[in-house]
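Undergrad: When you get a sec, could you build the whole thing from the sequences and use the hints?
Every position in the sequence shown, counted from 1, becomes a number in this note's numbering once 3 is added.
Fair warning: there could be bad hints in the mix.
To be verified - Straight-line distance between alpha carbons at most 30 Å, and here's what the computed DSSO-like set of lysine-lysine pairs gives: (1) K50 - K35; (2) K169 - K153; (3) K60 - K35; (4) K153 - K57; (5) K35 - K10; (6) K13 - K60; (7) K32 - K50.
Source of the hints: derived by calculation from the structure; they are not laboratory data.
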Amino acid sequence: MVTHQEKLKKFYLENDALMQNEVIQSFLKSAKNEQLLAQVLMDPSDKNTKELDKQFKEYYLKIKIIKYISSLIYFYTIDFDKKNNRRNSRFTLILDAPKQQNDNDNPVNVIDVQPSKHTTETAYFENMQTFQELIESTRLYNAYQKLTSKQKEVLNLIYIQEFTMKEIARLYEDTPQNISNIHKRALKKIKESFEEDRG
4 MVTHQEKLKK
14 FYLENDALMQ
24 NEVIQSFLKS
34 AKNEQLLAQV
44 LMDPSDKNTK
54 ELDKQFKEYY
64 LKIKIIKYIS
74 SLIYFYTIDF
84 DKKNNRRNSR
94 FTLILDAPKQ
104 QNDNDNPVNV
114 IDVQPSKHTT
124 ETAYFENMQT
134 FQELIESTRL
144 YNAYQKLTSK
154 QKEVLNLIYI
164 QEFTMKEIAR
174 LYEDTPQNIS
184 NIHKRALKKI
194 KESFEEDRG
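TA: So this is what it looks like as structure tokens:
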């Protein structure tokens, strides 16, 4: 009789291309999820298949939410750094001024003893983009700025994060229909504002 492990091994060998997918790899690192896959391979009933599908969809949604939150953290960090840099620049001359020295000391700049700065952003964060960043047209940019915060967030989730209406609805604890309406109103407002600016 074929065992679970033998079934899994055969599945992995026959689906090598699929197993190169990082999301699939990460999902199956969980012993529970791998066990669900084994159950489907041993008994591909509707119940087992639906349970595996349900778990994968929930896992994939969680990844997207983490990605979205990570992007928010990144852009908050950038905004904070800009404000912090503006504030620090006012004290550049003070920091770079020589400290008072003793008879046996050499002049030391305050800046010399400051801790070095280093960025904590990974390549993943550096590659993140928002819907706004992808707008090259000045008129379109101005039209986009007239949207509400939620309309901007929904556009970002749809076109940048590639969320579905259902996923966004779950994120906001709303209905897919309401999210769809927000999306449509946002596009309509952009179109109208764009045409107004065009004159």
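Undergrad: Of all the hints numbered above, which does this structure not satisfy? Sort the numbers upward.
TA: Violated hints: none; all satisfied.
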